[in-house]
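Participant: The primary structure of each chain is shown beneath.
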Amino acid sequence: MLSFFASMPGAVAQGIIWGIMAIGVYLTFRILDVADLTVDGSMATGGATMVVCMMSGMNAGVAMLIAFAAGCAAGFVTGIFHTKFGIPAILAGILTQLILYSVNLRIMSQSANLPLSVDKYQLLLSLRNLPQAIVVASVFAAVIIALLYWFFGTEMGHSLRATGCNQNMAKANGINTDTNKIIGLVLSNGIVALSGSLLSQYQGFADINMGRGAIVIGLAAVIIGEVLLGKIFKNFALKLVAAVVGGIIYYIVITLVLRAGLNANDLKMFSALVVAVFLGIPYWKRKIAEGRTEKGDA
Amino acid sequence: MLQVKGVYKTFNKGTVNEKRALNGVDLTLSEGDFVTIIGGNGAGKSTLLNSICGVFPVDKGSITIDGTDVTKLPEHKRAKYLGRVFQDPMMGTAADMWIEENMSLAYRRGKRRGLKWAITGKERSQYRYMLSQLGLGLENRLSSKVGLLSGGQRQALTLLMAVMQKPKLLLLDEHTAALDPKTAETVLNLSDKFIAEGKLTAMMITHNMKDAITHGNRLIMMHEGRIIYNVSGEEKKKLTVDDLLKKFADLSGEEFANDRALLN
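Protein chains in written order, with this note's numbering: chain A, 35 to 332; chain B, 1095 to 1358.
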């Protein structure tokens, strides 16, 4: 039991970092209404870019900025595939994800794993110092949420929301829905890559597989946040906070089930099944409600 | 204000589902014209309106709005000139956004959208005033989600959004067809009011022949992708539903095949 509590700070720090990733997922999944699978690749792109930039002697802030830009570029490619090639969003994301696998290996000079030691480099956070890691990750989360809150209150932000909500309405009001989808995907993947750059610092390495299943973790965080806090968090900024909280809870639960004896290799299956069930709940609720009215009418 | 010249449109060309929807349509509207459009199912009424909006490119012909050739412009660029209300009340508004947010989107139709605040305090009081003109009590619900409104309320809001930034042309595509009779009348009266007050040029598709006669200064009848009857002024005012049915039989050689029109 003691060791469980001892592992909590690590779970919280990781949860916040993945919560930032979940903010990126929120933008596409909830606002643009597409499930963007690019994130599995752009998460690793962020980590890889971070490590390579640090190795070339850059300052951590600059390296993170470049990682963000690399993620934006990945989102742009998906956006072009989706809007200009007419490829369904999910497939467009899968294509970019596959492209990124090769690109990420190139970024890391064909090695699947690159170390980023906190002893050698001036990093912003590391799992060696958990309180600091939690503070730094929280500051990043707060700044990103504040910036997004501002952006979605602007004319451009409103047109992006309208695009995700009702394309007919958006077009009839002179909104270029293609451009908006691209902007949304760019922003989302930039944030995801930023989260990847934080994760690589935290864990002290970048890995070609560090983003595998990221979309599932992001969705899990978004959904956990909504289920637990959706009733009280109505404001947009608070909804993003809920996604971060969802990330933290996700990692606490994961830590818990691993302690309880779940095989670490079964973790991804466990996560995916949990997400499937939570995505299914609104559908089942509707089905049951419809069934009732039918009986009621008869 | 509007020139439609020799417009043709065929859907699913070269397949078994090939459908010639517009078969050489010519139409000119002067400023302030309010034309009602009637015709049977599949006559091409909605296709004509959608061609003007740029929902799809036309095969042949040209469309000019207020001297600007828009034939090649994408839908969102033509929106600058057009106010639109759809048949489906869900289509014209964003359900997850507030009333004032929807209005602010419509208020910026045809304008650049940058990084300024989406709604200013001054706009908000304007919106409240505009909403009060609908007489539906929406002026006190600026921050209600549009998805919570009834179909009629949503359609009235869509209408308001279509005219709040004066359009060169207002397009109403059977916009009362999905509403109950009383709400339909309210929305139709509001349409008349906005068109008269704003001196708007407008086109309205309707399945109700009586409405087609009593509203607007012009009437056109469509059949198989063509305009077969085009009437205006005193001649239009004197029309009766029976006249229209007879006219249709004479010109098309068929009975008027639109159940809803006959039931009214």
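These are calculated hints, taken from the structure and not from any lab test.
On a predicted model such as this, the values are computed, not experimentally measured, just so you know.
It is possible that some hints are incorrect.
What follows is a set of in silico ranges between Cβ atoms, one per label pair, in the way DEER data are often shown [stated by the list, open to error]: (1) B/Asn-1106 to A/Arg-320: 31 to 37 Å; (2) A/Glu-324 to B/Ala-1290: 40 to 46 Å; (3) A/Ala-146 to B/Asn-1106: 30 to 36 Å; (4) A/Phe-119 to B/Thr-1104: 33 to 39 Å; (5) A/Asn-299 to B/Trp-1211: 49 to 55 Å; (6) A/Thr-188 to B/Thr-1162: 26 to 32 Å; (7) B/Lys-1293 to A/Ile-114: 40 to 46 Å; (8) B/Ala-1271 to A/Val-291: 53 to 59 Å.
DSS-like mimics (lysine-lysine), calculated; alpha carbons at most 27 Å apart, straight line [said to hold, decoys possible]: (9) B/Lys-1293 to B/Lys-1331; (10) B/Lys-1174 to A/Lys-118; (11) A/Lys-118 to B/Lys-1154.
In this text, a Cβ means the ideal position worked out from N, Cα and C, and glycines have one as well.
Participant: Each hint should be assessed against the structure and marked as holding or not.
Facilitator: Do the hints match the structure? See the list:
At about 34 Å, the CB distance of B/Asn-1106 to A/Arg-320 agrees with the hint of 31 to 37 Å. Take A/Glu-324 and B/Ala-1290: their Cβ atoms lie about 44 Å apart, and the range 40 to 46 Å holds. Roughly 49 Å separates the CB atoms of A/Ala-146 and B/Asn-1106, a value that falls outside the hinted 30 to 36 Å. Taking the beta carbon of each, A/Phe-119 and B/Thr-1104 are about 25 Å apart, not inside 33 to 39 Å as hinted.
At about 50 Å, the beta-carbon gap between A/Asn-299 and B/Trp-1211 stays in the expected band of 49 to 55 Å. Distance hint check: the CB atoms of A/Thr-188 and B/Thr-1162 are about 29 Å apart, consistent with the given range 26 to 32 Å. Between B/Lys-1293 and A/Ile-114 the CB atoms are about 44 Å apart, so this pair conforms to the stated range of 40 to 46 Å. Under the hint 53 to 59 Å, the C-beta atoms of B/Ala-1271 and A/Val-291, about 55 Å apart, fit the expected range.
Taking the CA atoms of B/Lys-1293 and B/Lys-1331, the gap is about 19 Å. The hint holds against a cut of 27 Å. A threshold of 27 Å between alpha carbons decides the hint, and for B/Lys-1174 with A/Lys-118 the separation of about 23 Å falls inside it, so the pair holds. As the CA atoms of A/Lys-118 and B/Lys-1154 are separated by approximately 24 Å, the hinted pair is consistent with the 27 Å bound.
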